[in-house]
Amino acid sequence: MARIIVVTSGKGGVGKTTSTANLGMALAKLGRSVAVVDADFGLRNLDLLLGLENRIVYTAVEVIAGECRLEQALVKDKRQPNLVLLPAAQNRMKDAVSAEQMKQLVNILAEKYDYILIDSPAGIEQGFQNAIAAAQEGVIVTTPEIAAVRDADRVVGLLEAHNVKRIHLIVNRIRPLMVQANDMMSVQDVREILAIPLLGVVPDDERVIVSTNRGEPLVLSETPSLAGTAYENIARRLEGEKVEFLELNPPQDNFFTRLRRLLTAKIM
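If you use the working numbering, the sequence shown corresponds to residues 87 to 354, in order.
It is worth saying that the hints were derived from the structure and are not from the lab. Note that the coordinates shown come from a computational prediction; the quantities given were computed from them, not determined experimentally. Glycine is no exception: its CB is placed at the ideal position from the N, C-alpha and C atoms. Errors might be hidden in some of the hints.
Derived DSS-like pairs (lysine-lysine); straight-line CA-CA distance at most 27 Å [unchecked claim]: (1) LYS162 to LYS189; (2) LYS251 to LYS162; (3) LYS198 to LYS164; (4) LYS115 to LYS328; (5) LYS198 to LYS162; (6) LYS164 to LYS251; (7) LYS115 to LYS198; (8) LYS162 to LYS115; (9) LYS251 to LYS189; (10) LYS164 to LYS115.
Ranges of calculated distance between the beta carbons of each label pair, as one might list FRET restraints [said to hold, decoys possible]: (11) VAL143 to ALA281: 36 to 46 Å; (12) GLU153 to ARG252: 33 to 43 Å; (13) ARG240 to ASP181: 19 to 29 Å; (14) GLY152 to ASN268: 18 to 28 Å; (15) SER119 to THR315: 42 to 52 Å; (16) SER119 to GLU308: 31 to 41 Å; (17) THR309 to LYS164: 17 to 27 Å; (18) GLY99 to ARG252: 17 to 27 Å; (19) GLU327 to ASN249: 26 to 36 Å.
Between the sequences and the hints, there should be enough to build the whole structure, so can you do that?
Printed below as a string of structure tokens:
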């Protein structure tokens, strides 16, 4: 039976689309058939992050209007044949599709794919309602900032009200040095506020920007990165594996630590 998961947050710019692209690709690498659905009508970006923008002919709007078959709108990834994209229309507003229509589309996909990942737009208006219409599970993506966490808390409540009970958390763009200096919320701080199970922690990584510009998800890169590994581990946890969280604490035994230890020893 397919797992239908909405990737959401409430606040924009926290990494929902990046997470959707990398999770979808990581699950496909594990041998699962995956359909990623861009529910952000008017401002689609999932195709860019997957590097599939030049291959779009039809979108979900044409499928709903009966202008093409669903199979014609699905864009297959040549690098990873287990993954397909259902793109959103860039020239339509979010109210161009109703929640019921979106639900019907997703349920048809669920008959053929192991995972349906729905990339939710920012906010909690019509686009959000469309994205969660068929969802059975939710993945909340947030950065460790109070505004993002507060919005995420609101979305958790909305998902629960919509009878989405299985909700997990991804804390994105964590900076261990800032956490250590008490300049950033810790993962534990975020967990205590949201009170949902932790699915993964993704460190802040400049290679995310590079991968976005190239249309190549981090999990496909030949050069290993902490963020890419984090997404691969999250995919494995979704599969039910018990995977240890990455050790993201900054190294304690740096030059200044050794110098302080040496000076202390001499004084004693």
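Here is how each hint holds up against the structure:
no. : hint                         : verdict
1   : LYS162 to LYS189             : holds, 21 Å
2   : LYS251 to LYS162             : violated, 31 Å
3   : LYS198 to LYS164             : holds, 19 Å
4   : LYS115 to LYS328             : holds, 18 Å
5   : LYS198 to LYS162             : holds, 14 Å
6   : LYS164 to LYS251             : violated, 35 Å
7   : LYS115 to LYS198             : holds, 17 Å
8   : LYS162 to LYS115             : holds, 14 Å
9   : LYS251 to LYS189             : holds, 18 Å
10  : LYS164 to LYS115             : holds, 13 Å
11  : VAL143 to ALA281: 36 to 46 Å : holds, 44 Å
12  : GLU153 to ARG252: 33 to 43 Å : holds, 35 Å
13  : ARG240 to ASP181: 19 to 29 Å : holds, 21 Å
14  : GLY152 to ASN268: 18 to 28 Å : violated, 57 Å
15  : SER119 to THR315: 42 to 52 Å : violated, 23 Å
16  : SER119 to GLU308: 31 to 41 Å : violated, 24 Å
17  : THR309 to LYS164: 17 to 27 Å : holds, 21 Å
18  : GLY99 to ARG252: 17 to 27 Å  : holds, 25 Å
19  : GLU327 to ASN249: 26 to 36 Å : holds, 27 Å
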